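As they're listed, the protein sequences go chains A and B.
For the record, in the first sequence the residue sitting at position 70 is 1155 according to our numbering, with numbers rising by one throughout.
For the record, in the second sequence the residue sitting at position 132 is 1217 according to our numbering, with numbers rising by one throughout.
In case anyone wonders, no lab produced these hints; they're calculated from the structure.
Being a predicted model, the structure only gives us computed values, none of them experimental.
Some hints here could point you the wrong way.
The list treats identical chains as one, so a pair stands whether inside a single copy or across any two.
[Said to hold, decoys possible] 35 Å max Cα-Cα, derived DSBU-like pairs, lysine-lysine:
1. LYS1165 - LYS1181
2. LYS1200 - LYS1187
3. LYS1098 - LYS1181
4. LYS1181 - LYS1200
Number of protein chains: 2
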Amino acid sequence: MAHDHRSHEGADKLYDLIDDIRICMMTTVEEDGRLASRPMYGLEADQAGDLWFFTQVESSKTTEISREGHVNLAYSHPSKQHYISLSGRAEIVRDKGYIQDKWSEPLRTWFPEGKDDPQLALIRVHPERGEFWDSPSSTVVHL
Amino acid sequence: MAHDHRSHEGADKLYDLIDDIRICMMTTVEEDGRLASRPMYGLEADQAGDLWFFTQVESSKTTEISREGHVNLAYSHPSKQHYISLSGRAEIVRDKGYIQDKWSEPLRTWFPEGKDDPQLALIRVHPERGEFWDSPSSTVVHL
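Let the sequences and hints guide you as you build the complete structure.
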């Protein structure tokens, strides 16, 4: 769909693009090899470039991530024709310090029990490769 | 992010939603297990419910599909808060009859050589499971 060229300078732009979209489709690998995705609201990237998401600890995606850490984060902004793919490794974080630190009240929309819910956990994604399409070209970024 | 409930009646709605979005992020599995995605313009679903995409025959995604047919198609419409996940199996189709039949001139935007380009091929995705989120709930559809 687009011509690829390589760049080592695109990381800032890539993070700006995903910050503008925030909700991505997170794809994980099921036990039988099927690929499942679901919308996930992303917090701000941390200084290391890792991406964080709140989740219920008991869910199909946390099971899949615990068994097989590969994920893809796909961000789409159709009206701007911006598309971003991030390939990386994910882990489940249950540390209360991180949960307190990352929590903000608007998240109650999805987690009505709030930050003290014992079922609340974080998914941390360490991106390994990013690619973005801001029509008509695409850029590959090694992260 | 949303509560799931099961439905056998949602398939029509799911196809309406994806028809409204058209460009999805197609995720495939790389040889090392990484998950890669890229934007793909979808043609109309056929009568069997299979989804079709034009591609260059020599590309990383066709290599990945030929080795490992599992794909995920993720459709996002942020302003409407519509998100759709389709899990399925993909295959590469090089049959000239299908290519002639599916081709339309607006596709030259992405395939300037047109329908007689020997590098042109189709990806056919046979969906096995669909799920959509039209906030605040989600619906799982077995296809």
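To see whether the hints hold, each was checked on the structure:
no.	hint	result
1	LYS1165 - LYS1181	between (38 Å within a copy, 34 Å between copies)
2	LYS1200 - LYS1187	within (9 Å within a copy, 51 Å between copies)
3	LYS1098 - LYS1181	within (32 Å within a copy, 40 Å between copies)
4	LYS1181 - LYS1200	within (9 Å within a copy, 57 Å between copies)
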